[in-house]
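Asker: If you want the building blocks of each chain, they are given just below.
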Amino acid sequence: MTLSAQLAQYVISGITIGCIYAMVAIGFNIIFNSTGIINLAQGEFVMLGAMSMVLLSHFHIPFLLTFLISIVAVGIIGGLFQRLVIDPLRNESMIVLVFVTLGVSILLSGSVMFILGKEPYLPPAMISSQPIPFLGTAIDPQYLVVMGVTLTVVVLLTLFFEKTILGQAIKACSINRMAASLVGINPRKMIFFSFVLSAVIGAIAGIVIGPITMMEYDRGPMLCLKGFAAAVLGGLGSIHGAVLAGLMLGLLESFGAGYVSSSYKDALPLIVLLAVLFWKPTGLFGVTEEREI
Amino acid sequence: MTKLSPCIEIQQVSKKFGGLMALMEVSTQVNANEIKSIIGPNGAGKTTLFNVITGFISASSGSIMYKGICLDQKKPHQIASEGIARTFQTPRIFGNMSALENIMVGRHIRTRSGIFKAALSWPSSRKEEIEIRARSKEVVHFIGLDAKRDELAKDLTFAEQRSLEIGRCLACEPGLLLMDEPAAGLDDEEQMALADLIFKIRDGGVTILLVEHHMRLVMKVSDEVLVLNYGSKIADGTPSQIRSDERVINAYLGRKSANA
Amino acid sequence: MGKKNLIAVLVLAIVIALFPLLVKNDYYRSIMVFVGIHAMVTVGLALLLVYAGQISLGHGAFFGIGAYTSGILTVKFAANPLLALVMGIVLVIIVAYVIGKPSLKLTGHYLAMATLGFGWLAYIFFNEQTNLTDGPSGLIGIPQLSLLGIELDTDLDYYIVVWLLLLIFLCMALNITRSRVGRALRSIGDDEIAAESLGVDTAKYKIQVFVLSAVYASIAGSMYAYYLNFVSPSDVNIFFSIRLVIMVVIGGMTNVWGALIGAAVLTIMPEVLTIFEDYDVLIFGGILVLMMIFMPKGLGSKLASLETLIQLRHSRRRS
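Residue numbers (the numbering used here), protein chains in the order written: chain U, 207 to 499; chain F, 4 to 263; chain L, 2 to 320.
Accuracy of the hints is not assured; some may be wrong.
Once the Cα atoms are required to be at most 25 Å apart in a straight line, the calculated DMTMM-like pairs of lysine to aspartate or glutamate come out as [what the hints assert, rightly or not]:
(1) L/K106 - F/E85
(2) F/K203 - F/E85
(3) L/K4 - F/D191
(4) F/K157 - L/E129
(5) F/K70 - F/D191
(6) L/K5 - F/E132
(7) L/K102 - F/D75
(8) F/K157 - F/D191
No lab work stands behind these hints: they were computed from the structure.
Chain U with its partners taken away, still in its complex shape:
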């Protein structure tokens, strides 16, 4: 294989997996912006999206319908999660919130293990066509689907937060909850929507990446960690930072797997996570804040 073909492969797969990390990171940021908490169950939304497609594929319904049902279902799970678990505990300490999102992530993965078992599954793809030749190698069109979908999601989200009333209301709550409530916005409702939105984005990520990497019940924690790495790297709370950082992490992992060691490829984003947390927790694009007494 020529060098350019090899590079092309690494770049394509790096960008693709980076798109997934970006979407997980975006999910983190949306919830973090409205609540200040990190949702340790974020990775599970991705897993659930893919698994839902697997379950529904038994029913022979058109792809678009299974896609819609899946994201709605995961969105509902996200909403229930917020209503039943997060909202009652909104005044509790950080430790309690960390533990409860951890507990829910275990519950969700455990439930899937109960229903579908431990084996990996291959969710159906949107289009199954021939690999496209490119620079001496061939790209599975699903990779392009991932990139296209991610781009669409980012564009739609940007428009959502800038142009729609609901989006601006959610943004207002993130910036100043009290001021928002004084102008008639219900912060708890906004938090609810944030969770639903995060869950839907996570599900979309799972639905598009599943056909490439397959999905098993316990993929959640690793996605959570890597997505979080992207979120902090890009500056916690910044959607565009998350996209950039996600792509960087994906490329790092891809090239690392190719040139350094494929067995340790998962370790690279984790090392980045620790490095960012230790030395620049505000991320590449964040601003260091002074402690408030």
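Chains F and L: place on chain U using the hints.
Answerer: Structure of chains F and L alone, referenced to chain U:
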């Protein structure tokens, strides 16, 4: 130490937050065994100054000398070990510990047993523990919380929590006590009791620097008053000097003189 | 350590001493060995989590370092088991210090994620560094531990050593909680800023208790390796780290005894209730969620408030 030697000197301290100048070349000093108040409208930089003195925020420029020791670059716990204690705008007591245990934490900097001696129940560690308990009980008595000694701090009344916070500072045997709005939330009677307590503490050899809004208390206890506005010093003198200072009246007291 | 604690320790010692005399069945004895091993970790973890308020979701890594150091040095380098155990402690002190120093500057979620990330890195190492660890299928042939020339080979032998170690760890932890350092830890857990302002060197104490709890975990891990003569990466993965935390949580986020109870409950229950077999993941997750919703302060505080209630009734009846 003569009466007029400075306990703490704040030299040209500035603090910039992004584009905002929270403190602008503030210079002042507090003489040993005196009580000085800092007053000024909200946002004038008073609590920021406290945070700089105690090391929670680093000054952008300028320095602070405490009894001849330079405090720049020191961490909060190091500054506390030098002998500076502080209370906070809202009492930061350890809610899940009893009143007595809160005071006992105050004895931390005056004691030494580390984790190994503690784990092995070393005799010196046990002896120190007995001393800590005895001294702390004295402080509890001093602030009048004997009856509530073993109650959880979060179950105390607001005024009791304020007293507890002060007592905890006293247990450190500080040379300088910083009090951030100690009279907030107290009624007239409680404020008078607070004034008495402040005098009692000063008589025990402690220098006191306090931030306050309640003018009656400020005028009653202060030897000197520093007035800040928008991060700058606009006056620094005795209470009567401040009262008649036009700049102060214009900036601040003018609105308050009806209530003073 | 205080009168109440001392009595409780003596009672525990008597119960522990009596147990093997009354119960001869090796299966039950082995369950108790595992209880002891888990409790060794949770007692240290409690100091970190309950007292100092620092979340660690990666303590399985320290357990694993202890287990694998003991395993690798004895199996691959024919080292003396006791020496290997000590090497495990040394290694863990270094790793805990290197990871702890920058991590403990972080708060809440960031600390949780950092420890989770670290725990996962350790698991990847155990899984992938097959030349040392023999990879996913695990390291077999780990010899027995010998103390003072005597080789441990029965369940009873390990039971005695593990519970002796636990009693020592427990006493040390209890002594710490009742000391100046214990109060400093609690002040850090309650309000770190206020603690700093009182001269408590929060960074120092956090790292000290982090390293101490890591050492406890390492010794427990080594004992695990010698007891089973085997260790695999899935024994020391993230889920194990989380189970350790759940043990501390369920026991009570109020004191060290709760951590001991939690270790016992969550080690014995899966053995006794066979439904655990397939649904253990679900059940652990469910426990964590329900505990946070209904009893964020854990069983220990529920028992404590029960005790207060009983005392109140008692005093009312008197007057």
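Asker: Of all the hints given earlier, name the ones this structure violates by number, lowest first.
Answerer: When the structure is compared with the hints, numbers 3, 4 and 5 turn out to be violated.
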